[in-house]
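Protein chains: 2
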Amino acid sequence: MQNPLKAHEMIKGKIEVVSRVKVESKDDLSTYYTPGVAEPCLEIEKDSKKSYLYTRRQNMIAVITDGSAVLGLGNIGAEASMPVMEGKSMLFKTMADVDAIPLSIDTQDTNELIRTITYLSKNFAGINLEDISAPRCFEIEKTLNEILDIPVFHDDQHGTAIVLYAALSNALKLVDKKIEDVKIVINGAGAAGTAITEFLLDAGAKHILVCDKEGILNENDETLNEAHLILAHKTNRKHVVGKLVDAMKDSDVFIGVSKGHLVTKDMINSMSDQPIIFPMANPTPEISVEDLYETKAYIIGTGSSKYPNQINNLLAFPGIFRGTLDSHAKKITKEMMLSASLAIASSIIPSIYQIIPDALDPLVHKNVANAVYETAIKQRVPKTHE
Amino acid sequence: MQNPLKAHEMIKGKIEVVSRVKVESKDDLSTYYTPGVAEPCLEIEKDSKKSYLYTRRQNMIAVITDGSAVLGLGNIGAEASMPVMEGKSMLFKTMADVDAIPLSIDTQDTNELIRTITYLSKNFAGINLEDISAPRCFEIEKTLNEILDIPVFHDDQHGTAIVLYAALSNALKLVDKKIEDVKIVINGAGAAGTAITEFLLDAGAKHILVCDKEGILNENDETLNEAHLILAHKTNRKHVVGKLVDAMKDSDVFIGVSKGHLVTKDMINSMSDQPIIFPMANPTPEISVEDLYETKAYIIGTGSSKYPNQINNLLAFPGIFRGTLDSHAKKITKEMMLSASLAIASSIIPSIYQIIPDALDPLVHKNVANAVYETAIKQRVPKTHE
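Residue numbers (the numbering used here), protein chains in the order written: chain A, 1 to 386; chain B, 1 to 386.
Hint data in this document are derived by calculation from the structure and do not stem from the laboratory. Keep in mind that the hints are not guaranteed to be accurate.
Note that the list lumps identical chains together, so a pair holds whenever it fits in one copy or between two copies.
Only pairs whose alpha carbons sit at most 27 Å apart, straight line, appear in this in silico DSSO-like list of lysine-lysine [said to hold, decoys possible]:
(1) 46 - 259
(2) 6 - 265
(3) 249 - 173
(4) 26 - 259
(5) 173 - 366
(6) 26 - 234
(7) 234 - 213
(8) 49 - 249
(9) 6 - 142
(10) 22 - 12
(11) 213 - 26
(12) 26 - 265
(13) 12 - 330
(14) 142 - 178
(15) 383 - 265
(16) 206 - 178
(17) 142 - 334
(18) 49 - 6
Could you build all of it, start to finish, from the sequences and the hints given here?
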């Protein structure tokens, strides 16, 4: 890796706003600026959907954060989150030709965020929310998806879930187990943990236990907040009480999306045969890959590019938005997300050291975009415009 | 002119967000995205001014409107204003390599606009306000300039004033009159009329009468709003009472920034010798150029590209922001604006059919940028960052 500070300083910003018009003559000015520009304005005034025809809105999304839960760094605020948002825009354009404007919003008041994003929404064909802390992120995404006429997608939730399930479905094929049968432990009940749980339930999982730092979520526990109560209700039907160590015993799959260093080699060895281990905590995983190599862990995937099987959101978000924009879908449905997951999984012939494709492979992004597009069309998802 | 609707449809948006990084290897991802991107984030968390070093903020402004006073079209709303904002971004980049993000904000509540722009301000090194109706635009610009650490510039006010004064100063040279001596009539007391009045007073004008549709602004008139009272106080010291026709008698300069068709040939002929006439109402000027050719009008400038002497904001705004960004100035001062005006004027050797340069001439924008930069440095304007 180059020195990131030097590299960021030298590049002078990772994105740039360029003109698609060569403005060279009075005629160009008259056509694309005054007086000609009045004509598309008036057409849009008559029919607001024409904004997709006459402006870049057709290919433009916003990457929006409040800086409250940035990477593994936590609540570092709007300004400090900018390099991440800019990086995301860089990747949207590079991988899927989606124009993405990074916007760090300098308030962490939920209602103010919702209002600000609503006021901005007419400029965009979609919104990618990013690095917003749980449980606020749930309300923000849900409310915006209800209010707005464009799709809103919180990548830390759904992007992570989509890629995780792509990896898991390939891993399950390799160990010849079925999603319906396996016991899954999810450690971490924030944005990612919640979204992964919901996604795996939708994909057919029947035996999930979710743990937070107090242990297994259980709806008899009166200290749980509303989001955690719902999670407990959906997963822990038998009201199992215990700690992470108890949940992991005899389980088939461990998914870690919490804080680092919680899982021991003994806990891994207490799992069932050929366990699948995804310690994705960032920057420090729940158990190091080096430690896992000394256990019976059979398939290992992490959030890091240093090891095989990087479970990287980058596999999903560019293609998801490409397919969504191309289909003019007003929402990104569960079915569209599931099709993205399967498209990622089926982009390779899996082996235990490659359960998931390389995010730099352009074919993956094309496959995801096509799958999302086709699902939106087949499912007749309502459209932003014709 | 090409068909503007066809042209807008074909171009698929006049701007685009591109990546400045070639993302080709795992190393690129690690440097510019995770995990490397955490380093500039943490540096900015420690010192927010580092956002100018490690992100595109250093060259990025926002072009912001609420769609309340778009071109001559009036209050057409946020969505319908988008083609204009996008056009402005296209021109910022083409003429002065300024990255400009067009944002139409879907509220016309003054406080909500101020709040929304404040929440967004950390992404940008400057804000160009556009097409916001008077008198709201005054409060919005003033408040934002007080609150924010970046320059805020309402182009309909100051851009118009800067270019108008460039044209006027060259015209005065040609008729051998001085700004201190001439009688000036400004018809229209909205955003542009107010800003032009202030600008000409700052430039040394001593005899200005401002008219709105009721006639000459006069502070004895109890029906005037606060903005108009201030204007009347600053200009009409002798409490002259009358209509536009009275104001124009024996005057040397007519500046029209109102609604069309208010001025007759007789009114022009009632002016002093070699009168300078700038009917800039858009799209219909206060008196047509064809009619003016049948009067004693000596120098004529309009807002239209169909005639000589187009008084076009495009001459100012790109270079103003280029010079401001390069100097890191936190405000765009009166002195910086005046230097821009003089730079435009001195970019040509004036004749009565060319009192102002062609906005497509790249040299003008360089001259404006240099003049603004040098004035900011000489004046020691406080900086956004070192």
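Practice prompt. Mind listing which of the numbered hints don't hold for this structure, in increasing order?
Written response: Result: hints 2, 6, 8, 9, 11, 12, 14, 15 break, sorted rising.
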